[in-house]
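Given the structure of chain A, go ahead and fit chain B onto it with the hints provided.
Chains as they are written, first to last, in my numbering: chain A, 1 to 235; chain B, 1 to 421.
A hint or two may mislead.
Said to hold, decoys possible - Some, not all, of what chain B presents toward chain A, calculated at C-beta under 10 Å:
{"id": "1", "residue": "Arg5"}
{"id": "2", "residue": "Ala9"}
{"id": "3", "residue": "Ser10"}
{"id": "4", "residue": "Asn13"}
{"id": "5", "residue": "Ile64"}
{"id": "6", "residue": "Asn65"}
{"id": "7", "residue": "Arg177"}
{"id": "8", "residue": "Asp179"}
{"id": "9", "residue": "Ile324"}
{"id": "10", "residue": "Ser327"}
{"id": "11", "residue": "Gly329"}
{"id": "12", "residue": "Gly416"}
{"id": "13", "residue": "Leu417"}
What the hints assert, rightly or not - Partner residues aside, some chain B positions facing chain A, computed with beta carbon under 8 Å:
{"id": "14", "residue": "Arg320"}
{"id": "15", "residue": "Val328"}
{"id": "16", "residue": "Arg331"}
{"id": "17", "residue": "Ser418"}
As the list claims (entries may be wrong) - Over 10 Å on every C-beta distance to chain B, these chain A residues come out as not near it, computed from the model:
{"id": "18", "residue": "His56"}
{"id": "19", "residue": "Ser71"}
{"id": "20", "residue": "Asp79"}
{"id": "21", "residue": "Gln155"}
{"id": "22", "residue": "Phe194"}
{"id": "23", "residue": "Arg219"}
{"id": "24", "residue": "Thr225"}
If you are wondering where the hints come from, they were derived from the structure by calculation, not from laboratory data.
All C-beta atoms in this analysis are idealised placements derived from N, C-alpha and C, irrespective of residue type, glycine included.
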Amino acid sequence: MTDALLELHDVAFAWPGQPTLLDIPALALARGESVFLHGPSGSGKTTLLGLLGGVHLPARGSVSLLGQSLSALSSSARDRFRADHTGYLFQQFNLLPFLPVAENIALPCRFSALRARRATERHGSVARAVAILATQLGLDEGLLERRADSLSIGQQQRVAAARALIGQPELVIADEPTSALDADAREAFLTLLFAECRQAHASLLFVSHDRSLAGLFDRNLSLLTLNRAAALETP
Amino acid sequence: MYLLRLAFASLANRRFTALLTVCAIGLSICLLLAVERVRTEARASFANTISGTDLVVGARSGSINLLLYSVFRIGNATNNIRWESFEHFQAHPQVKWAIPLSLGDSHRGYRVLGTSPAYFTHYRYGRRQALAFSAGRPFADDPFDVVLGAEVAQALNYSPGTEIVLAHGVADISLVRHDDKPFRVVGILAPTGTPVDRTLHISLAGMEALHIDWRNGMPARGAARVSADEARAMALQPEAITAFLLGLKSRIATFAVQREINDYRAEPLLAILPGVALQELWGLMSTAERALLIVSMFVVLTGLVGMLTAILASLNERRREMAILRSVGARPAHVFGLLILEAGGIAAVGILLGVALLYLGIVLGRGWVQARYGLFLPLGLPSAHELTILAGIYAAAVTMGAAPAWRAYRQSLADGLSIRL
Numbered sequence: 001m002t003d004a005l006l007e008l009h010d011v012a013f014a015w016p017g018q019p020t021l022l023d024i025p026a027l028a029l030a031r032g033e034s035v036f037l038h039g040p041s042g043s044g045k046t047t048l049l050g051l052l053g054g055v056h057l058p059a060r061g062s063v064s065l066l067g068q069s070l071s072a073l074s075s076s077a078r079d080r081f082r083a084d085h086t087g088y089l090f091q092q093f094n095l096l097p098f099l100p101v102a103e104n105i106a107l108p109c110r111f112s113a114l115r116a117r118r119a120t121e122r123h124g125s126v127a128r129a130v131a132i133l134a135t136q137l138g139l140d141e142g143l144l145e146r147r148a149d150s151l152s153i154g155q156q157q158r159v160a161a162a163r164a165l166i167g168q169p170e171l172v173i174a175d176e177p178t179s180a181l182d183a184d185a186r187e188a189f190l191t192l193l194f195a196e197c198r199q200a201h202a203s204l205l206f207v208s209h210d211r212s213l214a215g216l217f218d219r220n221l222s223l224l225t226l227n228r229a230a231a232l233e234t235p
Numbered sequence: 001m002y003l004l005r006l007a008f009a010s011l012a013n014r015r016f017t018a019l020l021t022v023c024a025i026g027l028s029i030c031l032l033l034a035v036e037r038v039r040t041e042a043r044a045s046f047a048n049t050i051s052g053t054d055l056v057v058g059a060r061s062g063s064i065n066l067l068l069y070s071v072f073r074i075g076n077a078t079n080n081i082r083w084e085s086f087e088h089f090q091a092h093p094q095v096k097w098a099i100p101l102s103l104g105d106s107h108r109g110y111r112v113l114g115t116s117p118a119y120f121t122h123y124r125y126g127r128r129q130a131l132a133f134s135a136g137r138p139f140a141d142d143p144f145d146v147v148l149g150a151e152v153a154q155a156l157n158y159s160p161g162t163e164i165v166l167a168h169g170v171a172d173i174s175l176v177r178h179d180d181k182p183f184r185v186v187g188i189l190a191p192t193g194t195p196v197d198r199t200l201h202i203s204l205a206g207m208e209a210l211h212i213d214w215r216n217g218m219p220a221r222g223a224a225r226v227s228a229d230e231a232r233a234m235a236l237q238p239e240a241i242t243a244f245l246l247g248l249k250s251r252i253a254t255f256a257v258q259r260e261i262n263d264y265r266a267e268p269l270l271a272i273l274p275g276v277a278l279q280e281l282w283g284l285m286s287t288a289e290r291a292l293l294i295v296s297m298f299v300v301l302t303g304l305v306g307m308l309t310a311i312l313a314s315l316n317e318r319r320r321e322m323a324i325l326r327s328v329g330a331r332p333a334h335v336f337g338l339l340i341l342e343a344g345g346i347a348a349v350g351i352l353l354g355v356a357l358l359y360l361g362i363v364l365g366r367g368w369v370q371a372r373y374g375l376f377l378p379l380g381l382p383s384a385h386e387l388t389i390l391a392g393i394y395a396a397a398v399t400m401g402a403a404p405a406w407r408a409y410r411q412s413l414a415d416g417l418s419i420r421l
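Chain A with its partners taken away, still in its complex shape:
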């Protein structure tokens, strides 16, 4: 038993009928660690995130989260496991536009009983948890009842961050969440995200093609060096 939260061991993956896209000998994330993973477009970032979430299964090797091998679970158990322990944060447009902001933030608690319970244990109720997270992320209480698509892009990303963090998942995966923000807003957003992850003791895996943010993280990785398949192919 290691204290690693997330562990990849000798993982290979290829889309059907295509050459091997990912071949990663090892990758690990410690609890509470923030890691920047750099990869240019088309380098297999999204596919890697799919493997980490158990949406895809590797052709070889193993992906473990909290010591649980994802391949050992049935697909619906994997879905449940992911919902319980991972918060996701994508680039823009990742809110349900027709729901109010508060409901968007609370969504993970609707599908994961564990996260609903944690939110309730920590803050008294899911609604309280929503309000507190929103305030900590600089969202006005007045915004909570507004439709999600009436907010600015910056506000929407903070709503998405609150959603990823609610119910204290052990791992937060962020995929280019700042690409739609300008440079100032980007840093401010990251500062908030770090603070929240630290408070929730969540590990953060931040994937981006924009190296300018790399300095803010505990550790810095490049998918191109991690991935043996990419090394072979790189022109």
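Frame of chain A; chain B shown alone:
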């Protein structure tokens, strides 16, 4: 439960398409239910036109023709039958009662029926209901008394005491009127929902008096004319009638008496069992009725296919929505359920709208339908039959909803948690 909320919110976000789809389904269901209800009521009111009569007897022709002119006052008899024949069978040991019917005149589009007082005591309709008077009394000794059906009195605004003139023949506008012998309204029957409502009843003597001075189908002229008062003094015994109804002492005897009438040597007669003839007649109409039902079922199917199209068309633009749901923990089964709920929701609201439209239509249109077609449309709760139809439509809608649901399920499996559009 939360899926229901999501399905509703997502539909509300696409409310224009959703509303159109609901309207299409609602209208089609309203149409189907209306056809069903009119069909059921038409059949019921049809079967209720005459009851308690064992045999209908007329000149030999077709059974449906006989039924049409004797009971429904539609069309004309091919031939009259002799009064002696009526008297012969009235005196038959098996016969409990006999009602003579004499047709051929009209009043402003309504048929005039010459009959005997036995008509008011023995004629039955619906569930063996007797005729009741809403005003006045049956016709009595005076040959120029007339008893009106409920609709005649209401439509023409007649009341007891009104004097009316009958016309010869049954055309709406008759050229030959019996204006020398006016009739006086003495009674008005309560509504029955049968052709009785559209009939004017006079005695056989009155019928005879009208035509006493006629020769070769034309009224007499000059001195040969007989005035109403002269006619009153004459013996007004009809020589011929159009048909008669028989009630038997025992229903077991029906077939024996029917055979005896059909084999009657003195005159070619035809006796029919009204129930059998009614069924035959309904059988003739049921083809059209069934065609109507099939058409309206196809309209409902069109509505449901419209829903399928709308949901399928929305799927592509909703891939992001599904991916977001997956990323917050929804399983592909949730995505499937969400789309089934959506189809089920649209269909349910459509069905409710259809039923509401039906009742609105009945409330607004029943007066007109009753006045125009004599068809009473009840405002009762949906029948078991109607509920079965609605349940079938709902099941069909949900089954059809499985197609887009399956597609979204496959899509969300392939798309995973994020989608870049």
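Status of the hints after comparison with the structure:
A least Cβ separation of about 8 Å between Arg5/B and chain A falls short of the 10 Å threshold, and the interface hint therefore holds. Annotation: interface hint on Ala9/B holds; nearest CB of chain A at approximately 5 Å, less than 10 Å. Annotation: interface hint on Ser10/B holds; nearest CB of chain A at approximately 6 Å, less than 10 Å. Interface restraint check: Asn13/B against chain A, minimum CB-CB distance 4 Å, threshold 10 Å, status holds.
Because the smallest distance between the Cβ of Ile64/B and any Cβ of chain A comes to about 62 Å, over 10 Å, the interface hint for this residue is violated. The interface hint given for Asn65/B is broken, as the beta carbon of that residue sits about 66 Å from the closest beta carbon of chain A, more than 10 Å. For Arg177/B, the shortest C-beta to C-beta distance to chain A is roughly 74 Å, which exceeds 10 Å, and the interface hint is violated. Interface restraint check for Asp179/B: the shortest CB-CB distance to chain A comes to about 77 Å, outside 10 Å, so the restraint is violated.
This hint holds: Ile324/B has a C-beta 6 Å from the nearest C-beta of chain A, less than the 10 Å allowed. Of the supplied interface hints, the one on Ser327/B holds, with its beta-carbon coming within about 4 Å of a beta-carbon of chain A, less than 10 Å. The restraint placing Gly329/B at the interface with chain A holds, with a minimum CB-CB distance near 3 Å, inside the 10 Å limit. The interface hint given for Gly416/B holds, since its Cβ lies 4 Å from the closest Cβ of chain A, which is under the 10 Å cut-off.
Interface restraint check: Leu417/B against chain A, minimum CB-CB distance 6 Å, threshold 10 Å, status holds. Of the supplied interface hints, the one on Arg320/B holds, with its beta-carbon coming within about 6 Å of a beta-carbon of chain A, less than 8 Å. Of the supplied interface hints, the one on Val328/B holds, with its beta-carbon coming within about 4 Å of a beta-carbon of chain A, less than 8 Å. Given hint, Arg331/B at the interface with chain A, holds; its Cβ is 4 Å from that chain's nearest Cβ, closer than 8 Å.
Checking Ser418/B against chain A by beta carbon gives a least distance of about 5 Å; that is within 8 Å, so the hint holds. Non-interface status of His56/A relative to chain B is broken: a Cβ of that chain comes within 10 Å, the nearest being about 7 Å off. Against the 10 Å criterion, Ser71/A stays outside the reach of chain B, whose nearest CB is about 16 Å from its own CB. Here Asp79/A does not stay apart from chain B, with its beta-carbon only about 4 Å from theirs, under the 10 Å limit.
For Gln155/A, the non-interface assignment is confirmed: its Cβ lies about 17 Å from the closest Cβ of chain B, beyond the 10 Å cut-off. No Cβ of chain B approaches the Cβ of Phe194/A within 10 Å, the least distance being about 21 Å, so the stated non-interface status holds. With a closest Cβ-Cβ approach of about 23 Å to chain B, Arg219/A is found to remain outside the 10 Å limit, as its non-interface label requires. A cut-off of 10 Å between C-beta atoms confirms that Thr225/A is not in contact with chain B; the least separation is 24 Å.
Violated hints, in rising order: 5, 6, 7, 8, 18 and 20; the structure is consistent with all others.
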